[in-house]
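Q: One line per chain: the protein sequences are A and B, in this order.
The first sequence begins at 1116 in our numbering and counts up by one.
The second sequence begins at 19 in our numbering and counts up by one.
No lab work stands behind these hints: they were computed from the structure.
C-beta: ideal position from N, C-alpha, C; glycine also.
A hint or two may mislead.
Partner residues are not named here, just some residues of chain A that face chain B (Cβ under 10 Å, in silico) [claimed, not checked]:
hint, residue
1, Ala1142
2, Phe1157
3, Ile1250
Computed from the model, here is a short list of chain A residues facing chain B with C-beta under 8 Å [said to hold, decoys possible]:
hint, residue
4, Leu1134
5, Ser1138
6, Leu1143
7, Ser1146
8, Val1155
9, Ile1156
10, Gly1160
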Amino acid sequence: MKFRTLFKKLSISIGAILLIFVSALSALAVSARFADGPSVIFAGGPLEAGELVTGPEPDWGFAREINLIELQLLEPPRSRILWVADYEGKLYLNSNYMGGLRQRLWKKWPGEAEKDGRAILRIDGKRYERQLVRIKTGDAIEGVTKEFTRKYGVAMTPEEVEKEELWLFELAPPRTSGSGVIR
Amino acid sequence: MSRFSITLVGLAIFTVVIVLFIPGVGDTIEASLLRLLANGPRGLINFWSR
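Between the sequences and the hints, there should be enough to build the whole structure, so can you do that?
A: Encoded structure:
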């Protein structure tokens, strides 16, 4: 009888802790969706604040000093925080752990970006219209993976790109057609 | 609705209100979760023992 009571109390305590955990995470996830930009973990709403920069291509050299950027796809209009690398005057994004469980459960944006690459980048408080172009082949891959490895201290290799475990996107200037491009 | 169910619903609502309206609570939870995902339990312990 005593054991039963103890077991019941323990089950209720564990259940209450789980309930608090799930409620807290759900609240954070939902509130992030309605916010201007993402939170650290959860995807956010459309990027609205900040001057929208138009005109000629900017010199992206300043991005070398910036570790995190915010990126919003136009469709679906959700934003997230990502790493960025500058290589030969162009900006690149990465997405690791592709093809595994994490991609299926969590990483939807790379697939969405491949379908429709129109995006808004917010970097240093300013917004830029961009077109995400997935890079699968070409000379840039070695340089881009090296730059990500140097900047973030996490090994990235062209072999991972070839195996599609690592996806790379170029943040190209916007274009009029809506669909994503693979190169 | 039993008293037990009402208590559970109340607890969930209370948690949501605390997370959304008390400044810093959401950020701390996210930072803790990030450390846990990145470095496992050791990362969480290091974060809280700073």
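Q: Are the hints correct? Go through all of them and say.
A: Hints versus structure:
1. Ala1142: 4 Å, holds
2. Phe1157: 8 Å, holds
3. Ile1250: 26 Å, violated
4. Leu1134: Holds, because the Cβ-Cβ distance from Leu1134 of chain A to chain B comes to roughly 6 Å (cut-off 8 Å).
5. Ser1138: 4 Å, holds
6. Leu1143: The hint holds - Leu1143 of chain A has a Cβ within 8 Å of chain B, the shortest such distance being about 5 Å.
7. Ser1146: 6 Å, holds
8. Val1155: Check passed: Cβ of Val1155 of chain A comes within 5 Å of chain B, closer than 8 Å.
9. Ile1156: This hint holds: Ile1156 of chain A lies near chain B, its Cβ roughly 5 Å from the closest one there, short of 8 Å.
10. Gly1160: 15 Å, violated
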